[in-house]
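Keeping the supplied structure of chain A fixed, place chain B upon it in accordance with the hints.
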Amino acid sequence: MKTNKRILVAASLLAAANLASAAGTLIYCSEASPEGFDNAQYTGGNSFDASGHAVYNRLVEFEQGSTKLQPGLAESWTVSPDGKTYTFKLRKGVKFHTTDFFKPTRELNADDVVLTFDRMVNKNNAFRKAYPVEFPYASDTGLDANIVAVEKVDANTVRFVLKEPDADLLAKIAMPFASVLSAEYVGQLMAAGKAADINQKPVGTGPFVFKRYQKDAQIRFAANKDYWKKGAVKVDNLVFAITTDPSVRFQKMKAGECQIMSYPKPTDLAAMKTDPKMKMISSQGFNIGYLSYNTEKPLLKKKEVRQALDMAINRKAIIDAVYQGQGVEAANPIPPTLWSYNKSLKNAAFDPAKAKALLAKAGYPNGFEITLWAMPVQRPYNPNAKLMAEMIQADWAKIGVKAKITSYEWGEYLKRMKNGEHDTGLIGWTGDYASPDNFLGVLLTCEAVGGSNYARYCSKEFDQLVLAARKSNNVAERTKLYAKAQEVFKRDLPWSTIAHSTVNQPMRKEVNGFKISPFGDYTFQNVSVR
Amino acid sequence: MFTFILRRLGLLIPTFFGITLLTFGLIRMIPGDPVEVMMGERSLDPQMHAEALHRLGLDKPLYAQYFDYLSNLARGDLGQSLVTRENVWAEFTTLFPATLELALCAMLFASVVGLLAGVLAAIKRGSLFDHGVMGISLTGFSMPIFWWGLVLIMFFSVSLGWTPVSGRLDLMFDIPPDTGFMLIDAWRAEAADPEYNAGAFKDALMHLILPSIVLGTIPLAVIARMTRSSMLEVMQEDYVRTARAKGLSPARVIFVHTLRNALIPVLTVMGLQVGVLMGGAVLTETIFSWPGIGKWLIDAIGRRDYPVVQNGILIVATLVILTNFIVDILYGIANPRIRHAK
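Chains as they are written, first to last, in the numbering used here: chain A, 1 to 530; chain B, 531 to 872.
No lab work stands behind these hints, which were simulated from the structure alone. What you were told as hints is all true, and nothing was included just to trick you.
20 angstroms max Cα-Cα, derived EDC-like pairs, lysine to aspartate or glutamate:
hint, chain 1, residue 1, chain 2, residue 2
1, A, Lys-215, B, Asp-700
2, A, Lys-302, A, Glu-369
3, A, Lys-211, B, Asp-700
4, A, Lys-163, B, Asp-575
5, A, Lys-123, B, Glu-581
6, A, Lys-415, B, Asp-589
7, A, Lys-129, B, Glu-581
8, B, Lys-654, B, Glu-763
9, A, Lys-201, B, Glu-616
10, A, Lys-490, A, Glu-461
11, A, Lys-415, B, Glu-571
So here's chain A without its partners, still in its complex pose (with noise of 0.2 angstroms):
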């Protein structure tokens, strides 16, 4: 009866919608609301997801389900020899969508380009004054201070002027922040003296338009038919049903009210699989699970320490506790799936006997008190920190070593891990493009020290080779320099690398196309419902 009705809907809602093909609505099951849809001023996934995926399109985009870049709305481009000057050819023909607030007068050019970029690099930007907020990713990925200018040189050529070469610009400005925005939207809304509708109501060239967004209920959109990908639309409708508990996301799926959700619990993966309306892909996660030692505490300073410290560690258990299995041991500071990854680097073999006496070289016989930092929260790269920590206390044991474990509200647990306030602690990081240089360079360099490199972990001969690869455009000349700078990583041990945690993806049989995001995003092009 129930889906009768609901057949009966979705019949008059095609109907109404006057379409030859019955394409359909996908519903997903998202597990929060964006904060707003203007992506330049956030840095959550949700924010992303219902507008930069949705709703924008991007100069260069990544392949979906891939961390390969290919064309969006820059056909081509060309770099300068020096690697400071990258100009970019525009598509021609793309439209702006056309909504009951904004109705373009004409498709996609430069002007657009320029005021998108200009906006986060240029404080005295018109745009930036009316509507004054921060720019977190142009600020982390330091375009905000590398960018000199971004020139309009025809309507359909953009040039970009670097003070420094950037070999990953183009990963960088893949990014949803960097969504193109209309530059003909903005000059009406700040006419008009809204300039802050921008972040309620976005005016995009993506798959689908936005449609009406009910804060913690949910978002609509409506396929873009004059998408510039042709057939990359394969749904009428588009709505994000937001649904915070993800065991209730769960039922949700199960009772057909959404087709896909977000973030499965990991003990529901189980009945997932065995659903037999269901189904499930996964992915290895762009991410690394990690502990990190205080290399600057004296006894943490002692390389045999950390070297006995990590032998101790049974890498095997934890995955299986607490990933469940889903998940791979990390020899790396970065993933598998990342270039460069370096084969040839393993774990030390999990050895307890041999840690003690490590130990006792280092002058510890009967071991020593250390404290041990467990995140507050649950993390795709680590999903129950406090299991960890308590496995690792164990293991320490065994060699003597009592660890403390401490936990703090998560923003003091970061801030006072970057302030180098502990002695060890578990932390894990997530990549936002696909570049080596989002984790070796983030994470590891002396620059970092304060910011997200928590082990404090400074070495001239790792940094050289890290600014060196990022001043270079040559990838086979880059990929050695990684490939060297995680040797000099694994001998230096700053870390222990635990586990790249595996993206499990779950939904209804009748959802197909459907591909896992490295960077853990929603993208619904090519998607379509049976």
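Okay, now just chain B, sitting in the frame of chain A:
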């Protein structure tokens, strides 16, 4: 009566200030500021951090921030969310109807069932029914809302398929939130286009059932127990015995002489339950993905969205205080002894 109301009103002013001070202080005692929370594991450029704090006015000393807050309040300005950059009052008014609709339905459920069960238990004191009702209500009172909600969902929504799992309306319906009360919006949409929106009202009603039961469970237990004990007390009174002795029908004795008098403490308890409903709404809304103010406040605390936390809680607290104030007055009207007490 007038001085009584004035006296009660006078008490509201310090309460109000207490709340502003508490919410202002408590949210700032949680470590981390909105900018830090947004950056998470990423590194935070100190200059950007300082600029952002300055723009948000969070670099001023605490007393100055508190003073700004109060002077904005005095002007009726509740500020903007630091995260969504929407006006706090606007966000509240879009979300509150959902909470109110749920709270009213939960209260309706709790009052009707609670009163009935309490009265019957009192009449049949010591019977199996009495013990059953009291046992169940004790269980209901101690039930963890989260667990209870999930159990109901699994049983009624997933296994039996009687009710929807969560949300306020099937997503196949696309009904604009004109009033924000889904029952009314769905009713009007269905009336306007009976074919296209067929079944919308019933669907909205079905969505309300489980959350109302879950949210109403604790108030139901309290009301049932209170009604029973108050009934039993009143039944011992001389005037009830007199009424019986006069030969009045048992129904008249129970409903006119006993229940009416027994209702006074029950009413107070119902008033107090408004606060409980607001607290329970936070959990219920989370389980049922109900887009109300409970979820809104929880998110705001997580994101250190100071204006939303401060003013959101202030509005809710004011509503609770006002409800209790009205109950006080009603109580005063019903019972002159209270009105004249010093």
